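S.K.: Could you build the full structure based on these sequences and the hints that come with them?
Here is what each chain is made of, one letter per residue.
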Amino acid sequence: MMLTLLTALPVVGAIVLLVIGDRSKPLTRALALAFAFVSLVVVLILWHSFDSTLGTLQFEERYAWVPFLNIEYHVGIDGLGLLMLLLSAIVVPIGMAASWKIVERVPLYFALMLLLQACLFGAFTALNFVHWFSFWELSLIPAFFLIKLWGGPKSTPAATQFLVYTMVGGVAMLLSFLAIYLVTGKFDFIELAQLAQSGQLMPDVVARLSMHRFMPHNIAMILFAGAFLGLAVKVPIFPFHTWLPSAYSEAPTGTTILLTGAMSKMGVYGFLRILLPIFGAQTQAVLTPLLWLTVATIVFSAYSALAQKDLKRIMAYSSINHLGYCMLGIFALAKFTGGDAALFSQKFAAMDGVLLQMFNHGLTAATIFWFIAMMENRSNGLRGIDDFGGLRSVAPVFAGFMGIALFSSLGLPGLNGFVGEFLIFKGAFPLVTWASSISVLGLLITAIVILGIIQRVFSGPLSERWTAFPDLTLGERLFLAPAIALMFVLGLYPQLIIGVVNQTAVQLVQQLKF
Amino acid sequence: MLAWTIYISFFGALLQLLLPKGNNTLARAFALLTAFAGLCIAVTSFTQHRSGELITVANYAWIPALGIRFHLAADGISLSLILLTGIVALTGILFSWNIDRRTNEFFAFYLLLIGCVYGVFLSYDLFLLFVFYEIVIIPKYFLITGWGSTRKDYGAMKLALYSFIGSAMVLVGLIAAYVVAGSKSMALNDLAGYAFSPHFQMWEFPLVFVGFAILAGLWPFHTWAPTGHVAAPTAVSMLLAGVVMKLGAYGCLRVAMTLFPHGLDPWGFSLIGLSSWRDVFALLAVIGIVWGALVAMVQQDFKFVIGYSSVSHMGFILLGLMTLNRIGISGAIIQMFSHGILAGLLFATVGRMVYDRTHTRELVKLGPMNLNKAIPFAAITFVVAGMAGMGLPGFSGFVAELMILVGAWRAFPIFAVFVGVGIVIGVVYVWRAMQKAFFAEPGDVISHEPLPPITIPERLGAIILICTSVAIGLYPQMLLKIITPALNSPLFDGVRKGGW
Amino acid sequence: MTSYSHLLRLLLPELIVTITAIFALTTDLVFLRSAALRTRLATAVSLATIGCIVAIFAITRATENVNLFDGMLIANPLVHLVQIALLVLTIFVLLLAVDSEFTENVGEFVLLILLATVGMMFLVASQDLLTTFISLELLSLPLYILTGFDKRNARSSEAALKYFLFGGMSAAFLLFGFSLLYGFANSTNFVEIAAAIHGPSLNPLLILAIVTTVIGLGFKVAAVPFHFWAPDVYEAAPIPVAAFVASGSKVASFFVFFQIFSIAFAGSEGSGAWMHFVHGWVPVVAIVAALSMLLGNTVAIVQTSLRRLLAYSAIAHAGYMLLGIVAHTPVGLAALLYYVITYSFGTIGAFGVIGIVEKATGSDQLANFNGLNKRSPILAACLFVFLLSLAGIPPLAGFFGKFYLFVAAITANSGLLWLVAFAIAMSAVSLFYYLRVLKRVYTESGDPADGTPLPSSRLSVSVVVALATLVVLFGCAPNLLLQPLLSAVHALGM
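Line by line, the protein sequences are chains A, B and C.
Anchor point for the first sequence: position 445 equals 457 in our numbering, and the numbering is continuous, going up by one each time.
Anchor point for the second sequence: position 345 equals 357 in our numbering, and the numbering is continuous, going up by one each time.
Anchor point for the third sequence: position 157 equals 451 in our numbering, and the numbering is continuous, going up by one each time.
Please keep in mind that the hints were generated in silico from the structure rather than gathered at the bench.
Keep in mind it's a predicted model, so treat the numbers as computed, not measured.
Treat the hints loosely; a few may be bogus.
[Stated by the list, open to error] No more than 27 Å apart at the CA atoms, straight line, and that leaves these computed lysine-lysine pairs for DSS-like:
no.: 1; chain 1: A; residue 1: 198; chain 2: B; residue 2: 493
no.: 2; chain 1: C; residue 1: 456; chain 2: C; residue 2: 445
no.: 3; chain 1: B; residue 1: 170; chain 2: C; residue 2: 733
no.: 4; chain 1: B; residue 1: 170; chain 2: C; residue 2: 445
no.: 5; chain 1: A; residue 1: 166; chain 2: B; residue 2: 385
no.: 6; chain 1: B; residue 1: 33; chain 2: C; residue 2: 456
no.: 7; chain 1: A; residue 1: 113; chain 2: A; residue 2: 37
no.: 8; chain 1: A; residue 1: 37; chain 2: B; residue 2: 377
no.: 9; chain 1: C; residue 1: 733; chain 2: B; residue 2: 33
no.: 10; chain 1: A; residue 1: 166; chain 2: B; residue 2: 170
no.: 11; chain 1: B; residue 1: 377; chain 2: B; residue 2: 448
no.: 12; chain 1: A; residue 1: 321; chain 2: A; residue 2: 113
no.: 13; chain 1: B; residue 1: 377; chain 2: A; residue 2: 166
no.: 14; chain 1: B; residue 1: 385; chain 2: A; residue 2: 113
no.: 15; chain 1: C; residue 1: 668; chain 2: C; residue 2: 653
M.R.: This is the structure in structure tokens:
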């Protein structure tokens, strides 16, 4: 019941906000935050009761929904799901806090945020394709409206582009899974994964669907392509990433936090939960081109970040870059290792790294965007990298905290950002050496970008207009302290997370069998 | 007890006329009460129904010389549609709260229409079914011509004549079947059980099917629908698109397919790839889906978008019927329910919430009015209704369209592809309309007085409809568990042989 | 040999009506010369009504089945039923006349109506050529005169003249046909004629007899192409007369049409089945029916006068009714009678409404019916019932009548499906113009637009409402009329 409750809670919150929210803005914001915190509490309870010695699904619920079509309400979480739930539960309050200065139609804004959170919870716990896909697609609606109605001057084209890209990808994915359903009669991820791993799935598909004269032989690759497309748009992977910079920068910063913190992880989650288990063989078959794409993603995004002047855009490209590392790790998992046990054991490291990176990047990026939001608020909307300068002298605490977050993003050892990237590279290097080597370039350029930000925003001469730049208030410090603390803690003691998710990681890798 | 839905509606209509003129509140309250009573009966029967059973509600001799009986009965399919009627009828009255001209007569015709619709869904004697089916034409005509808007006289007459021609075709078919079966009985199961010769069925089936399908908006006989729906006042559009068009589809299933299943058999020869009436009507249905969607995409009048979208959605239903497998037909019935609710919601938003306030339906004129700020409730409702209409999971349309798609794939794989295309175009036109009407760039706000806020009856109506759609979307079993067993009844033997 | 008293007893109903007629005339001429018009009308009509009721009573008391003088006078349940119907229709027509102002010659008026009624009663009781012809003339001659009774209106006289000329000519045709039949059979009795003309192929003279008989009777029922008198008569005759022509006269004429063709011409039917035409009178009647439906409905569309519209609609309905004759089965007869009787109720009612509106607004142009609903909701509702019954919308009597006729036709010969389909298609056309009239009544604003109530007499309105109720009643519970009809038809052992 817990998972259903968790998913339903933000929906209830949204309805409450819509009904009574018109009375007073502070009440609305407080209620919204309250609901978000309650969700966080529930997730922490789940975290606490999660048995990390098992690698299997826990808190499973399974009801028939449309027996006709074999669609079930099947939810459950393993370490991966739990981690993502925690991330979502943390990122949403941060996003809400960053939206404190929104004045138009406040109830609707926060209601949409809560609905988005519900969709996230739903997508991370769903185990039946229809159910999962519903939340995947439903999440687009609040996101679209959040971007369009409260965003910047070019919000409409940005929102539309975001919607269209993701929807088209979604449709491709839907078609693939419909085809699979028509052949196997199943929508359940676990069952399909088992079918795939026993080697049964694709021969069945090829046999049944190739009967129609107009279907070419590479039917399995076509289905893989559909699923891949849907997920690749979401992460995003080059060259399907072009929607992201505009969407992230035009969206109100609170929304960007949700987009980068949690929604982008839906794509990565999809790769881990869906694509690798079910289409593992196909991934292997086209591994090299995929690695090329990943490398391109990592390197080009880093370079692009370098060329940007808008802080949000810089961070947007940086997001693409960071998630590229996750993809590197994931594709490394797909590398065929034959019977080499040592090589195989590298995959565990890579997997752990991916999981960590998902969480850590979410946390870090959310925090950084929160700071950008604060800068926007305090400067009446400015967020160009050259607009500021020398802030360290007037707002040392601000500079300090933001610096920590930025360094974490850079991957400084001792902060959480480092651990994930380290494990990924550790695991990926032996497996996909050349790709990992080139990707290091991304690390380097990211460092330059981040340092550039710190230098130009915080150091340097202080201009006239920022002499009155307020530092972090007590409330803001209290709010941020846990996040910053977490960055240190996870940087120094990643076992906190690895302990919980490791078994799952092992399980996932072993299931892949290659 | 179900027969009381009919009786209450008819008596209500009569009493409505006798209420004192000029007292609008009394008129509205009375009508609401009547519709609510009907809905209560429908819901009670729905919840009490044990799956698979056929409840006989009334069975009296009427014209013994001809074997015609006043025979009312309901199975799972009828009950679902009766429930739909109850819900749409009630919400329609809520959305007609602002009618203030000749209110009594409006609601009298309205209740008469509802009563007849209940009658069609409950009739188990084909003569009785036809009587109710035919009477429907009259209140439709007067409601549109009396309280309608754009081209109401033309729209009303076109609608009446098309409906009459459709029912004329049905009448010819019914009389022929009745006489051939010995002129002994008009009962559904008697005629369904009679073994008409395959040759006879081969021409009877298309005759009766097309006769009913005209009212269901089968392409290319659908042209009355957009005109008629646009001309009609809001509540009537809701009823027409939501429920009355389903009468046609219901007739196709209950009469044409049940009585003359061999009409669906292959002809033995092939004409441009089609080899049976089943192929022909499936093709027409698919054309309707895609055509309706394409035309909806280029409309300049908001209500026309919805009108053509109804044609498109009805195509789904007809295609589902032609799949001749359990999934497809169940999907078609769920779609009847789902589209009934959603069409009601869409017309309510466009007609009552938007047009009654802005007095224009042209998308280019609506855009600058910044409606999402002026009447946010309408914007939200339209977004929800639009999403549901697109087939977004979580709402009723998704399950229905998925089932029809799966059923269609099993029967006509090529058509299934076009259905997918239709769904995609469906997303496009809804998006376009929504964007242009509610979320376009705001224009000069100079001369606009603030639009009147959305009233309580409208909110109530919208919430009822949305909740229904969500309820079915989340728990389609509620309907499926009584529909599927109904398809197992002996009535559908002939249809079943097509291979579930 | 029947005794004279027995004959008188058998003729009691007709005698009663005749005596009533003379009595009404005498009373009016002698006692009421100086009374107000309305009083005179009221008295005369009351007398006539009482007489008719007594006659009805007498008919119900008559139980024997009789066939006198080789078919010159028939009495059986069916004939009695039709006679009762005719008398009821006459009563309604007379009641409508109470409020009229078109004539001062009240006594003559009532006399002529009642004599025409007597003619109809004899007509339906005869299966002999001579008595048929005489009765037909007894029916028609008063009608010609009555048509011209409105001396205020020149068109009334014009219509009467047209009616008379057409009528006379078609009577001549009829007589010619009858004489040919006599030539065949050396007898004027229907059954004997049938025996005489029975043969493998159609004699050319027989064809001529068929054609002329169809002409003669077709005129009476206003079928195409013998319909030219109808629009003018319907438009210009006084309201009660038009109602009478449209109702009672039709009932009797169709009954005799059926009798002649199914009894006298039995054996030479041929077949009207699609693609299987066989020479005989059935295909001829079928073609006439189709043409009537076509012309009646299409021309009605362009009418601006409600009376003329009803006239063309009457022509169309004659076409439908001929279906019952084309079927020439007992069921067909029952269907025909059901249809024509309920049609008559509806038509009298419609004319009643027209009469009231005409009196209040001056003409029967459709524009005068605009907004009738505001001025008199009751009349509007009644007109609603009548017109929709004519269109064939359930649950009104017109629908069931059509349905039953179609069933009868197809049961008789499934090849007649083409005619039935055509009839249904033409009904669709009729719905168009009926709805247009009702649209005016309900949605358009008339003049005066403020909706002052229409001046109308309570009697006329009551009559109209009673008729509307009957139409609805027979529509919802057709068995009420159908059961007696069917048992009467079956009792004949036809």
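S.K.: State for each hint whether it applies.
M.R.: Here is how each hint holds up against the structure:
| no. | hint | in the structure |
| --- | --- | --- |
| 1 | A:198 to B:493 | 21 Å, holds |
| 2 | C:456 to C:445 | 16 Å, holds |
| 3 | B:170 to C:733 | 14 Å, holds |
| 4 | B:170 to C:445 | 44 Å, violated |
| 5 | A:166 to B:385 | 19 Å, holds |
| 6 | B:33 to C:456 | 49 Å, violated |
| 7 | A:113 to A:37 | 10 Å, holds |
| 8 | A:37 to B:377 | 32 Å, violated |
| 9 | C:733 to B:33 | 21 Å, holds |
| 10 | A:166 to B:170 | 46 Å, violated |
| 11 | B:377 to B:448 | 9 Å, holds |
| 12 | A:321 to A:113 | 24 Å, holds |
| 13 | B:377 to A:166 | 22 Å, holds |
| 14 | B:385 to A:113 | 19 Å, holds |
| 15 | C:668 to C:653 | 17 Å, holds |
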